[in-house]
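Undergrad: For chain A, the structure is supplied; the task is to place chain B on it using the hints.
For the record, the sequence lines run as chains A and B. Just so you know, the first sequence maps onto residues 382 to 714 in my numbering. Just so you know, the second sequence maps onto residues 8 to 346 in my numbering.
Source of the hints: derived by calculation from the structure; they are not laboratory data. Being a predicted model, the structure only gives us computed values, none of them experimental. Quick reminder that beta carbons are idealized off the backbone N, C-alpha and C, glycines included. It cannot be assumed that every hint is accurate.
Taking beta-carbon pairs under 7 Å as the criterion, some of the chain B residues facing chain A (in silico) [unchecked claim]:
no. : residue
1   : SER170
2   : SER202
3   : ASP206
4   : LEU208
5   : ASN209
6   : LEU210
7   : VAL231
8   : PRO273
9   : ARG280
10  : ALA283
11  : LEU286
12  : GLU289
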Amino acid sequence: MTRLLEVENLTLQFDTDEGRITAVDDVSFSLDAGKVLGLVGESGSGKSVTAKSLMKLNAGNAIYGPKSKITLHLDDGPVDVMSLETSAEMQVVRGGAISMIFQEPMASFAPAITIGDQMVEQLLIHTDMSAKQARELSIEMLNRVGISDASKRFRQYAFELSGGMRQRAMIAMALSTRPKLLIADEPTTALDVTIQAQVIDLMKDLVDDFGMGIIFITHDLGVIAQTADHVAVMYLGRLVEQGPVREVIRTPAHPYTQGLLAALPHLDDLDAPLVPVPGDIPSPLERPSGCVFNTRCSKVIEGRCQREVPQFTKVNEGHKTACHLYTQEEVPA
Amino acid sequence: MSEAKPLITTRNLSVHYPLRGSLFGPKPVVQAVENVSIDILKGSFFGLVGESGSGKTTLGRALLRAAPITKGKVVYDDGEVRYDLPEIEGRELKDYRSRAQLIFQDPYAALSPRMTVRDIIAEPLEVMGLTKNRAETDERVREIAAKCRLNLEHLRRFPHAFSGGQRQRISIARALVSSPRFVVADESVAALDVSIQADVLNLLKAIQQEMGLTFLFISHDLSVVAHICDYVAVMYLGRLVETAPTRTLFSTPRHPYTRALLSAIPSLDPDDRGKAQKLEGEIPSPTNPPPGCKFQSRCPFAVDICRKQEPELEHAGDGHEVSCHRWKELMETEPMMAG
Chain A
382 MTRLLEVENL TLQFDTDEGR ITAVDDVSFS LDAGKVLGLV GESGSGKSVT
432 AKSLMKLNAG NAIYGPKSKI TLHLDDGPVD VMSLETSAEM QVVRGGAISM
482 IFQEPMASFA PAITIGDQMV EQLLIHTDMS AKQARELSIE MLNRVGISDA
532 SKRFRQYAFE LSGGMRQRAM IAMALSTRPK LLIADEPTTA LDVTIQAQVI
582 DLMKDLVDDF GMGIIFITHD LGVIAQTADH VAVMYLGRLV EQGPVREVIR
632 TPAHPYTQGL LAALPHLDDL DAPLVPVPGD IPSPLERPSG CVFNTRCSKV
682 IEGRCQREVP QFTKVNEGHK TACHLYTQEE VPA
Chain B
8 MSEAKPLITT RNLSVHYPLR GSLFGPKPVV QAVENVSIDI LKGSFFGLVG
58 ESGSGKTTLG RALLRAAPIT KGKVVYDDGE VRYDLPEIEG RELKDYRSRA
108 QLIFQDPYAA LSPRMTVRDI IAEPLEVMGL TKNRAETDER VREIAAKCRL
158 NLEHLRRFPH AFSGGQRQRI SIARALVSSP RFVVADESVA ALDVSIQADV
208 LNLLKAIQQE MGLTFLFISH DLSVVAHICD YVAVMYLGRL VETAPTRTLF
258 STPRHPYTRA LLSAIPSLDP DDRGKAQKLE GEIPSPTNPP PGCKFQSRCP
308 FAVDICRKQE PELEHAGDGH EVSCHRWKEL METEPMMAG
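The following block holds chain B by itself, in its conformation from the complex:
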């Protein structure tokens, strides 16, 4: 994986939304995503985790050009084409839309109840004009449906006839029918029962390997991310707080927030009761973020500097970056932080 090139590179990517302010003075903004720099390697499963309000969905949407990129550089390079995402318009943007796709969370809301499964899957091809005639469209639909374990009989039916797991397979088929290179899966298994979740995760992994796809996998469920992703980035209040290869992140988390998130996962061992390190309070509102490090208001290790100065991402090992003033110190003084 180390020689793989990035498919998506972001440098200081920010997404700001204007707020309604007073008549005078500067217009206030919400920094939904602020200064995010990540490399998503070709053919990898890149996980994005954080609580609600951390900006993970907004970042995913910005990479699809579905949220406004306020500043920063975002480059998409799949070997065939290279796009500066904030710049592209018209024909290029349309082409990018066929190369980058989204799988939604709720398979009940994402499928039109009035269209047959065949029409739902065929729609992106028709809208983007990717096929020449109906026969070719049908061929592509059948091909992708088979990969997603849907048969010809299924294609004639309407979504209401399907279970949650089958519906999510239909959503996946629709996202993949245009042969995208980059897929954003936003909480795509969150609404599913564990058994169906396992089935859909296995399917995503198999398809990713078969089609050589690159996934941005957004989830609040760290055990799912641990299982499927190669790299993980942790976000808090719009900022990247830590990023590392999955195993490194789960074995040696360096940021107190990552540590707290991991600790909060309910363990399957009943004897672990009460061992979890509890995080107090809730994520602050992005309209009123605390000064300095954004996590300081909930961090048990916050000191003066954390309240004054925002930390920068620092190198913490192979592919491992962390944004915390005290990570080195905590590694020595807090045995649990040493991993």
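Extracted from the complex, chain A is given alone in its bound form:
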């Protein structure tokens, strides 16, 4: 098992008109090659900005904390992402070692350039292929992701493809540069369940074939259960729980993870009531002190949770949570 990515103490703030907001707060995680990490949380939890930090793709008003460290282990040695400054330096990660696919493929393809030209362009930038080789590889990749009549699709525009087909083309394009790390930001959210199942299958096959690491961002715990090896749960910019997928889904430790699971409709028990997590996620301008989840937590320990930021505690092998309930002597059931 080779370590691919290490994120340590990542902190990210944005300067806005209304003040400085904290989007990511002291987040650390790691990923091995050939593994899938699921990053889960509600809108506004900081999942996407965390992923974008890996390529320093956040907007110009982003301020990274001084202790933030992102290390990408490539064949030629480790790359310290935070130290990359110019766009030439950044090419090592952007589209090189890291590729990203997005929720809405229609918005990610240029509308007036053919799918093929866009695929070839990035290969010419990131590899030393000739135009002919790039063309051949692109058509082969379109074939590989299950697009029939690939050489015809190669000459078409994004609007001529269906939603599922576009997402496949997006994956083909992201993988043709042979990235070490693929970031998939809600790649199946806009798709029908049947097409979602096809795309999930495809991504699993590709991990096996290419041996890359994947960070899979989604709010859908079912999708996580079917794809991820490890799960990291985010709330208001902080990681609150991480561990192997079976453990986190079957025996969630953090009250927030428990709340997310209780809010989901379960097909095997139609009579179970849906229990929402009370209240709304607070504005990042009004981050609660202490544990960020204390304003909505049903198990809040008055006084302590409002004052002290909980540190990660081990629940089980590889499974840890940041919650004061677990820092006490007795671990509650």
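TA: Just chain B now, with coordinates in the frame of chain A:
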């Protein structure tokens, strides 16, 4: 529920849209909805599921008289009035609009950013002239806002100050302020986070019971439908392929398409990986539907007859209907189809 009368009854309802054709020959049409016959019982949550392009939104709109009804019978009967929906015009249509309402998918796009929440909720009352004066309007707005858990302070603000879940509660309040009997909720929780989704679903259910409403709940999310609906109809390429009480449909799906849809829901059990029965391909374009059964091009069980003849809806048990040539046979030969 069995003695309840239908609020909406459709018989062979079709919605066709003309396509631009050649100068000669018959004008081609898209059969967005074709031959749909359903009964939506009073006081029920009726679910409509299917992939994008299956015609579920068009059917919902036809029932609101917001899409043209090409042929077929649609009757609305709430005990006070009885309307033949394709026929009504003028005053009757206006009255029907106050009795039938729509809740949209995207609470960010559905609310005018320039109006206060009070004005947004009051607008239907004013447009339809349902109240006599401002005091009465305010009274109705406050009443429905309270039911949707919005307070007086909220009413003075503008939509931008609200979260997604609160906005959807505002949309619901606006849809319900005219005291409708029939509400179409088109993907009304699809854009929400799970926790907010649970909150909105609970609210819809509570309000439905309190006000005795009838809901047509359109969704692509089968687990949500399973949870909230009493009946479910499954559509594919404009056709009804199966309809049944929710529990029956989820425990004993008879149509291969329903079975595939259920199987595609990502299970919360990580050990279910790879067990899903995968449906190949995509829904065909409604401008060029396959001959015979519309599902045959993707159906793993398709045989000759499926390619030639379109199946009819058949009785498959109590309130359970299925449109498949081979459902009985498959029940015996395919153990997973027996449920």
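Undergrad: When the nearest CB of chain A is found for ALA283/B, is that gap smaller than 7 Å?
TA: ALA283/B check passes; min Cβ-Cβ to chain A is 6 Å, inside 7 Å.
Undergrad: Let's test the interface hint: is any C-beta of chain A closer than 7 Å to that of PRO273/B?
TA: Holds - the Cβ of PRO273/B comes within 7 Å of chain A, reaching about 3 Å at its closest.
Undergrad: Against chain A, with CB atoms and a cut of 7 Å, does the hint on GLU289/B hold up?
TA: holds, 6 Å
Undergrad: Holds or violated: is the Cβ of SER202/B closer than 7 Å to a Cβ in chain A?
TA: holds, 4 Å
Undergrad: Would the hint on VAL231/B stand, with a C-beta cut-off of 7 Å toward chain A?
TA: Because about 6 Å separates VAL231/B from the closest Cβ in chain A, which is inside the 7 Å limit, the hint holds.
Undergrad: Given LEU210/B as an interface hint, is the shortest Cβ-Cβ distance to chain A below 7 Å?
TA: Cβ of LEU210/B sits 10 Å from chain A, so the hint is violated.
Undergrad: Would the hint on LEU208/B stand, with a C-beta cut-off of 7 Å toward chain A?
TA: At 6 Å from the nearest chain A Cβ, LEU208/B passes the 7 Å test, so the hint holds.
Undergrad: Holds or violated: is there a CB of chain A closer than 7 Å to the CB of ASP206/B?
TA: holds, 4 Å
Undergrad: Holds or violated: the hint that ASN209/B contacts chain A, with Cβ atoms closer than 7 Å.
TA: holds, 6 Å
Undergrad: Under the criterion of a CB-CB separation shorter than 7 Å, is ARG280/B in contact with chain A as hinted?
TA: holds, 6 Å
Undergrad: With chain A as the partner, please determine if LEU286/B meets the hint condition of a C-beta pair closer than 7 Å.
TA: holds, 5 Å
Undergrad: Against chain A, with CB atoms and a cut of 7 Å, does the hint on SER170/B hold up?
TA: It holds, given that the least Cβ distance between SER170/B and chain A is near 5 Å, below 7 Å.
When each numbered hint is compared with the structure, a violation occurs for hint 6 only.
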